[in-house]
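Number of protein chains: 2
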Amino acid sequence: MTREPMLWSGWGDPARARELPEPVRALLRDLLGVRSPETPPVPLEDVRLAPVSLSAALLEELGGVVGGPHVLTSHEARVRHARGKSTPDLLLMRAGDGLDAPDAVVLPGSHEEVAELLALCARERIAVVPFGGGTSVVGGLVASRAGFAGVVALDLGRMDRLLSVDAESMVAAFEPGLRAPEAERLLAAHGLTLGHFPQSYEYATLGGFAAARSSGQASAGYGRFDDMVAGLTVATPTGTLELGRAPKSAAGPDLRQLVLGSEGAFGVITSLRLRVRRAPAEKVYEGWRFGSFAEGTAALRALAQEGPLPTVVRLSDETETMVGLAKPDAIGASGGHGADGGTGVGSGHGAHGGHAADGGHGSRSADGGHGADGGTGGSGSGGAPGGCLVIAGYEGASVAAVRAGAAAVLTRLGGEPLGEEPGRSWEHGRFSAPYLRDSLLAAGATVETLETAGFWSGLPRLYDAVRLALHGALGSPLVMCHISHVYETGASLYFTVVTAQRGDPVEQWARAKEAATAAVVEAGGTVSHHHGVGRDHREAYAAELGPVGVQILRAVKDRLDPAGILNPGVLIP
Amino acid sequence: MTREPMLWSGWGDPARARELPEPVRALLRDLLGVRSPETPPVPLEDVRLAPVSLSAALLEELGGVVGGPHVLTSHEARVRHARGKSTPDLLLMRAGDGLDAPDAVVLPGSHEEVAELLALCARERIAVVPFGGGTSVVGGLVASRAGFAGVVALDLGRMDRLLSVDAESMVAAFEPGLRAPEAERLLAAHGLTLGHFPQSYEYATLGGFAAARSSGQASAGYGRFDDMVAGLTVATPTGTLELGRAPKSAAGPDLRQLVLGSEGAFGVITSLRLRVRRAPAEKVYEGWRFGSFAEGTAALRALAQEGPLPTVVRLSDETETMVGLAKPDAIGASGGHGADGGTGVGSGHGAHGGHAADGGHGSRSADGGHGADGGTGGSGSGGAPGGCLVIAGYEGASVAAVRAGAAAVLTRLGGEPLGEEPGRSWEHGRFSAPYLRDSLLAAGATVETLETAGFWSGLPRLYDAVRLALHGALGSPLVMCHISHVYETGASLYFTVVTAQRGDPVEQWARAKEAATAAVVEAGGTVSHHHGVGRDHREAYAAELGPVGVQILRAVKDRLDPAGILNPGVLIP
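Respectively, the protein sequence lines represent chains C and Z.
The first sequence lines up with residues 1 to 573 when you count with full-length UniProt numbering.
The second sequence lines up with residues 1 to 573 when you count with full-length UniProt numbering.
Chain C extracted, bound-state conformation (with noise of 0.2 Å):
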């Protein structure tokens, strides 16, 4: 397996970044108004980062916990620990501003190793932010200083092992530090899969999966990460907190789903005991289309409450289908439908990723005539047809019965099967959305992604409100959404914005996104089905939960963290 690091500019590896070809660029000019020049990222010995703020003698006591070799303080470290991947980051990176980076990156190699570099920092007042695949798109990876001594990345990448597998309970155990891709060879070994595919997932961590509340592309089938965790150990400041004896109890509240989701504020997760299933033997994805985004999601709604559910759901609207459905093969490495690569999800531990840029601009759509974000329906050209495209996904010991089911329900609620092709489109592009991001900055337009859920009858005023903030905030952006995540009772919003950068595109991006934010909580969905709350979402998320429920975290973090050395900053409002 691979343990090498991202990109620090950008996403994944180096060797797997596209130029973007020319028609894209035409289009980027003529439908978005894109005029700045390429902009390439600074070299990384020429970004700028802060002193050291941590003495000789503090850095020493680092490595007297973790080894000294553990405890890295070059620039290449600081600056590849520095910030997470959302577009703002990036962004910055670009530019060569570093100056959020931690101050030190340490490796611990063990529970007890993290226990007491957490004791260590407590008393010594240095702010930890742990870290994992660093993917987070929200913020999750920047600590704030004040107060504080310094800051040191607690990168979890030494603590990477299976640790075991009880094949009859269906559950094995990890360390935190363990990419996903290398989690599924392990597993693959035993016949064993997780079955958790977010977009961050070939360098998002199983740690970070479960601190960032992941929710991966086959979540209809394999459920949420949340679904997944039976069991945790968890180094807090305060202590050990070692949760799950059973699948479920009614032993008082579920401390575990207060962990999921608590994005390194609450502790470190040093173990983790994940339910597996049998990998599949058998895998199809499949388009169908519908007529329209109202259509395509009565007929995901139908699928999810009546069954059978297949494991991969999703449903673009008329934008998203045009733009990916124009030119399948404009895009290179996306892989045609690049918008329907854009399920993404996080995974920086103690933060989150999700790295949904889109996505296919196929330049037919524009010399076709249609304005930015204005198709709503009609046929791309290249005799894709128009609507909305379905990718409908099965995996499982045998799939014909799963399949047909649902294609009864898809057929009977109007539904059109268009064959393997775009399954094939899209599982070739699925984890590509972020180097096409790369790409696309890198052209002077900015990229970006947010997501919400809600309940299904209050979806069609949570993507009004959405679209319109951002045509507000905007101008003429392209804005593209799909449905990736549905339930009994309501489903994710998952929007793709393409816009050309005007002034400083970071304070242009903070504009737009405060607005759909606002309009996310306004319409009454949450802040974010996957993304997580980092310090991007954190005014937001306090009105989304209200006083009481802002209590409620730092009641806990007050007595977990005392010093609230973990990510300052970042969750609690």
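Derived from the structure by calculation, the hints contain no laboratory data.
It is possible that some hints are incorrect.
Chain Z residues, not near chain C, derived (Cβ > 12 Å throughout) [to be verified]:
#1 Ser-215
#2 Pro-247
#3 Gly-414
Okay, the calculated beta carbon distance ranges per label pair [said to hold, decoys possible]:
#4 C:Glu-282 <-> Z:Ala-17: 29 to 37 Å
#5 Z:His-190 <-> C:Arg-412: 19 to 27 Å
#6 Z:Glu-514 <-> C:Arg-278: 56 to 64 Å
#7 C:Gly-191 <-> Z:His-190: 43 to 51 Å
In silico DMTMM-like pairs for lysine to aspartate or glutamate, Cα to Cα no more than 20 Å straight-line [claimed, not checked]:
#8 Z:Lys-283 <-> C:Glu-306
#9 C:Lys-557 <-> C:Glu-242
#10 Z:Lys-557 <-> C:Asp-558
#11 C:Lys-557 <-> Z:Asp-558
#12 C:Lys-283 <-> Z:Glu-306
#13 C:Lys-557 <-> C:Glu-539
Glycine included, C-beta positions come from ideal geometry on N, C-alpha and C.
Based on the hints, put chain Z in the right spot on chain C.
Okay, now just chain Z, sitting in the frame of chain C:
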């Protein structure tokens, strides 16, 4: 709908009480050595109560909030709110000990009145016991008086409305004091159901289900009650908590799961948004026979892990099967498989229900020479097969496919189909076991239940440990067990114990319960799968949670209820 109160000294509708048939009396004598004379409860008016410790001025203030007629201090009202429905509760009540009764019963009519009551009680240091169905079997309805001016039962019986139905989202909103059968009647008018049928169903309330983290007999199909809760409104002394903007969210920890199971110690649930389902068009329950508990357990595990999962699935061990099958008609009202009615589940508001007394002590099994609890699969007489009985129930729009799929799994793993008669018998008696308990208590036998849950690989150890502890503490009790709730990773174990009363039966059971609970903790199980914590499990719960977990509960409690008025002595260690 009837709001008739339960029999104060026992369970349910006094008109449904039944005398034990002579063969059962003979069984108690010959098998268990029950020698006590019949002991009827004292008359209600002879129950001893402490003087009302609240001043007339305070009672008037309470009346100022809820209206004078909604503050009750009558002998009968106090007796009816004195305790829950555990066997020790009933033994004490039957003996005329009502010393745990509240000073007054207050019946608020709205969220605002609940909030105002909590403010008043916090100011005046009056302990508040939220009271729903009054069906706790874990001491969840008795507050610690130390340091308080008095104790009031906050009876939610007047808050019993269905507030709204959102058929698109399949969510219905309710007030907390609505009893489950009335909720089902109101939903049936919309073609809907909750599908939540714990043994306490006939008297338990929706708020109690939530506060007690209840689980019903059909949890395999409809989920646990915690799966059904989409949203909650909670009145706390610190203010109102409003939770649930979406089915699922990554916006921080899921605080719904902190309220569920909080047993009234954090606040009073004043409304609930619950996921509903379409009322099933078909219902079929059937029996299967397995050679041993281990074989039956393997079959249930396969259903839970590979599917398809029936709506109801339960497995009795050899002893429970023998007793239940031996003479289905011997016990009258309990409907045959008395033991199979014992899926008792919580319900008291801020407290837990679960009322499984067993069960069908058919005389023939004694006649057939089986010692108490000694059967390991031998046939009861009367032609009934030995081994272990599985009840599988199927509910839905159409059940044939799931039924056939489950039958294939059960057959492959050694099951022998017994047809629908055992299913009908189970259905007939599913809520009746508590009535039988009353008759057995009157006859001088102690019958009580306890339950736990664990992961599949740990169940044999848990099963053995609990049985060993009960035998050690009680000499030669009859100990029966069933699995009634299954998950992919584990299951519950539900024990029913029948023993002759020796000495003070309350003390006798307390020692046995302490031994059994210690065995559960030692063997790695949870102290309760669906009965809850109450006062009875509080110390063992602390051992299960560990000191950091206890600190979390205390932190939340201190912040939400700084005066500590809510259910003092319950839940929080």
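Tested hints:
1. Ser-215: violated, 7 Å
2. Pro-247: At roughly 4 Å from the nearest Cβ of chain C, Pro-247 (chain Z) sits no farther out than 12 Å, so the non-interface label is violated.
3. Gly-414: holds, 17 Å
4. C:Glu-282 <-> Z:Ala-17: 29 to 37 Å: Given a distance of about 57 Å, which is not inside 29 to 37 Å, the answer is violated.
5. Z:His-190 <-> C:Arg-412: 19 to 27 Å: holds, 22 Å
6. Z:Glu-514 <-> C:Arg-278: 56 to 64 Å: Once the Cβ atoms are compared, 41 Å apart, the range 56 to 64 Å for Arg-278 (chain C) and Glu-514 (chain Z) is violated.
7. C:Gly-191 <-> Z:His-190: 43 to 51 Å: holds, 45 Å
8. Z:Lys-283 <-> C:Glu-306: The given pair, whose Cα atoms are some 17 Å apart, holds under the 20 Å limit.
9. C:Lys-557 <-> C:Glu-242: Since the Cα atoms of Lys-557 (chain C) and Glu-242 (chain C) sit roughly 17 Å apart, the hinted pair holds (cutoff 20 Å).
10. Z:Lys-557 <-> C:Asp-558: Given that 20 Å is the threshold and the Cα spacing comes to 13 Å, the pair holds.
11. C:Lys-557 <-> Z:Asp-558: With a Cα-Cα distance of about 13 Å, the restraint between Lys-557 (chain C) and Asp-558 (chain Z) holds, given a limit of 20 Å.
12. C:Lys-283 <-> Z:Glu-306: Holds - the C-alpha atoms of Glu-306 (chain Z) and Lys-283 (chain C) are around 17 Å apart, at most 20 Å.
13. C:Lys-557 <-> C:Glu-539: holds, 17 Å
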